[in-house]
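J.: The primary structure of each chain is shown beneath.
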Amino acid sequence: MAAKTKSKPTAEFADAPINASLTNEDKIELLRKMVRIRRFEQTSLKHYQGDKIGGFLHLYIGQESVAVGSISLLGENDHVITAYRDHGHALAVGMNMDECMAELFGKATGCSKGKGGSMHYFAPDKNYWGGHGIVGGQTPLGAGLAFALKYKGLKGCCLCYLGDGAINQGAFHESLNLAALWDLPVIYIIENNGYSMGTSQARSSAYPEGGLAQRAEAYNMAWDKIEGVSVYEIRAGVQKAVERAHEESKPSIIEIMTYRHKGHSVADANAEKYRTKEEIQKYMQEHDPIDFWKSTLLEEGVITEDDYKKMNKEAGDEANAAAEFAEKSPFPDESEIFDDIYWEVDNNTEAGRTGRHFFHK
Amino acid sequence: MPREITYREALREGLDEELAHDDNVIIIGEEVAEYNGAYKVTEGLWKKWGDKRLIDAPISEAGFIGMGIGASMLGIRPVMELMFYSFAYVAFDQMMNNAATCRYMSGGLTHCPIVVRGPANGGTNVGATHSHTPENIFANMPGLKVVSPSDPHDVKGLIKSAIRDNDPVYFMESTVLYGMTGEVPSNDELDDGELIVPIGKAKVKKEGTDISLIAHGRAVVTSLLAAEILAEKYDINAEVLDLRSIRPIDEAAIMETVRKTHRAIYIEENKPFCGVGAQISSMIMEQAFDDLDAPVLRITSADAPAFYSPPIEKLQLPTAEEIVERALTIC
Numbered sequence: 001m002a003a004k005t006k007s008k009p010t011a012e013f014a015d016a017p018i019n020a021s022l023t024n025e026d027k028i029e030l031l032r033k034m035v036r037i038r039r040f041e042q043t044s045l046k047h048y049q050g051d052k053i054g055g056f057l058h059l060y061i062g063q064e065s066v067a068v069g070s071i072s073l074l075g076e077n078d079h080v081i082t083a084y085r086d087h088g089h090a091l092a093v094g095m096n097m098d099e100c101m102a103e104l105f106g107k108a109t110g111c112s113k114g115k116g117g118s119m120h121y122f123a124p125d126k127n128y129w130g131g132h133g134i135v136g137g138q139t140p141l142g143a144g145l146a147f148a149l150k151y152k153g154l155k156g157c158c159l160c161y162l163g164d165g166a167i168n169q170g171a172f173h174e175s176l177n178l179a180a181l182w183d184l185p186v187i188y189i190i191e192n193n194g195y196s197m198g199t200s201q202a203r204s205s206a207y208p209e210g211g212l213a214q215r216a217e218a219y220n221m222a223w224d225k226i227e228g229v230s231v232y233e234i235r236a237g238v239q240k241a242v243e244r245a246h247e248e249s250k251p252s253i254i255e256i257m258t259y260r261h262k263g264h265s266v267a268d269a270n271a272e273k274y275r276t277k278e279e280i281q282k283y284m285q286e287h288d289p290i291d292f293w294k295s296t297l298l299e300e301g302v303i304t305e306d307d308y309k310k311m312n313k314e315a316g317d318e319a320n321a322a323a324e325f326a327e328k329s330p331f332p333d334e335s336e337i338f339d340d341i342y343w344e345v346d347n348n349t350e351a352g353r354t355g356r357h358f359f360h361k
Numbered sequence: 001m002p003r004e005i006t007y008r009e010a011l012r013e014g015l016d017e018e019l020a021h022d023d024n025v026i027i028i029g030e031e032v033a034e035y036n037g038a039y040k041v042t043e044g045l046w047k048k049w050g051d052k053r054l055i056d057a058p059i060s061e062a063g064f065i066g067m068g069i070g071a072s073m074l075g076i077r078p079v080m081e082l083m084f085y086s087f088a089y090v091a092f093d094q095m096m097n098n099a100a101t102c103r104y105m106s107g108g109l110t111h112c113p114i115v116v117r118g119p120a121n122g123g124t125n126v127g128a129t130h131s132h133t134p135e136n137i138f139a140n141m142p143g144l145k146v147v148s149p150s151d152p153h154d155v156k157g158l159i160k161s162a163i164r165d166n167d168p169v170y171f172m173e174s175t176v177l178y179g180m181t182g183e184v185p186s187n188d189e190l191d192d193g194e195l196i197v198p199i200g201k202a203k204v205k206k207e208g209t210d211i212s213l214i215a216h217g218r219a220v221v222t223s224l225l226a227a228e229i230l231a232e233k234y235d236i237n238a239e240v241l242d243l244r245s246i247r248p249i250d251e252a253a254i255m256e257t258v259r260k261t262h263r264a265i266y267i268e269e270n271k272p273f274c275g276v277g278a279q280i281s282s283m284i285m286e287q288a289f290d291d292l293d294a295p296v297l298r299i300t301s302a303d304a305p306a307f308y309s310p311p312i313e314k315l316q317l318p319t320a321e322e323i324v325e326r327a328l329t330i331c
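Residue numbers (the numbering used here), protein chains in the order written: chain A, 1 to 361; chain B, 1 to 331.
This is chain A alone, in the form it adopts within the complex:
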């Protein structure tokens, strides 16, 4: 069973100032981003099953509103770091489908030149610092990005995403203590999809009545728990934490209730065993964030059904074109193996030329 039965999604947060200021174009753009993520993920699944993609593939389908809603709040000095389910955040910060798909295909044109794969997307030019494979391992780094912003006197924050399984890692608790102790402008967003791989929240976490984020109280830190179906609700909730970070340089934990339609990864053979088919169906039918936002925009008269169909088709075409781009791209050259290990070697500095750095052969 999922951790909590979600309340019926409503558009009650539409009136929050941060949402009231959205133009129709902004709202359409939010929908387009979510649809693009879903089409990207569906296309990558197809090619994973077609043996074009190696390793793991952790799909974001069902959780699109979390990355798109929260990242839509960010400005020039705001930064993002996440775990291994990172495709949605990558597209939300503005990375393009071609570089993301090519990375999955292990091609030289991938965002990490084929060296990182699905779990390790990076785009520092878009304030996006990965893409981290070890559960919870990115949480001290998120505190560090916030530390750097504060040190430099910049008014910014770091959104550091983690799953509900990561909250039991020691590094996360150490990070919470540091963030609260030193007033770091970091916002930990727990994307609570109910399961740490195949183990439900009830079987993996001890937590207070208010939920996982309430653990923040132990660190004298602000927290909130919000439903993740509505982009309005996510934006309204996360905005408060962003303001707290910007204005008071204080950290927060925001728990966002969401659901992944697919398994932990595509290799998760038990995705329909540790959860019932009925549960999965219920979330897909009643709590799909794209359906919800689409209905909201239809009700508001911002889009028509035809607009949506067109958007959906465009996103599908874009994902297919990205797969074609990835397929046609070359694999990395073998000579790439020893690049990007040491900055000093890559930049042929005196330090990089001094002493033997590599020991193979």
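Please keep in mind that the hints were generated in silico from the structure rather than gathered at the bench.
Note that CB positions come from ideal geometry on N, CA and C, so glycine has one too.
Keep in mind that the hints are not guaranteed to be accurate.
To be verified - Which residues of chain B face chain A? A partial, calculated answer using Cβ under 7 Å: (1) Gly66; (2) Met67; (3) Ile69; (4) Met73; (5) Leu74; (6) Tyr104; (7) Ser106; (8) Gly108; (9) Leu109; (10) His111; (11) Gly143; (12) Glu194; (13) Ile249; (14) Ala253; (15) Gln316; (16) Ala320.
Mind docking chain B on chain A? Use the hints.
T.: Quick look at chain B alone, frame taken from chain A:
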């Protein structure tokens, strides 16, 4: 009269100069600021530089080292002190995964200019948990640099290079060496106005012709003592080469001394299995086999956890007598 200062003072001078050299350099660690450093390495720096640059961390090595890695991605240059390098093991994921591999996995889009420094030595009767020597473990990981200076001159010059380096440098000291004095020129005596020792350069500490004693860290001091005994008692002229950096390594200097003396022993306070000496002896065998008149020997700490009982722990570490004894078997 050349200036003589302690290893601890030299290290502090290096840190102080780099705090002055670059506003983005900060020092983080347990007891580094108000307490003045568990070993007084950072004594006086908090008073001089204040809360912004000298930061007392809670006992959270994974947290504050991971935080430093994240901050370095945005241009901060954190120098993080481990009270004992043994405590690196609680920060292992941060030090091995995040610091070492983010550059690679991002296709070169990130880099990690951090220094993690602290004492990595046994011999002080603090038991196995506080006596680890992980230089071989970290040097095993491409993307990391490992440095182990053996005297006041080099600890100053190398810490400055480490802080200016744009890759993660793991800087391993020795509590036994902190009080050691040695010549360290003041900046006004130097043509460049400052003391820099490049990472990746070994140093011949004593010239010799009959056998090469190659070592790093405190084992260099032990090797120098052994060389004196070999000269006085046995008329054997040993050359002592201080590796200083373990990765990158000064391969040319190693081969040069082996080709000169035709005999080599690697001495280290590390454990033997896949120790630094294992790597060095393999390199010598591959590249200078025909120059050797005897097998390359290795002298390490005993292959056991550190013994608490002081007289027994002493027996676990390489001694000058042991080096002499082993040298005589191949000379």
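J.: Each hint should be assessed against the structure and marked as holding or not.
T.: Here is what the structure says about each hint:
1. Gly66: 2 Å, holds
2. Met67: 4 Å, holds
3. Ile69: OK, holds: B:Ile69 within 7 Å of chain A, min 6 Å.
4. Met73: 6 Å, holds
5. Leu74: 4 Å, holds
6. Tyr104: 5 Å, holds
7. Ser106: Check passed: Cβ of B:Ser106 comes within 4 Å of chain A, closer than 7 Å.
8. Gly108: 4 Å, holds
9. Leu109: For B:Leu109, the interface hint holds, since the closest Cβ of chain A sits about 5 Å away, which is under 7 Å.
10. His111: At 4 Å from the nearest chain A Cβ, B:His111 passes the 7 Å test, so the hint holds.
11. Gly143: Result: holds, 5 Å to nearest chain A Cβ.
12. Glu194: 15 Å, violated
13. Ile249: OK, holds: B:Ile249 within 7 Å of chain A, min 5 Å.
14. Ala253: 9 Å, violated
15. Gln316: 28 Å, violated
16. Ala320: 28 Å, violated
In terms of the numbered hints stated before, the structure departs from hints 12, 14, 15, 16, listed from lowest to highest.
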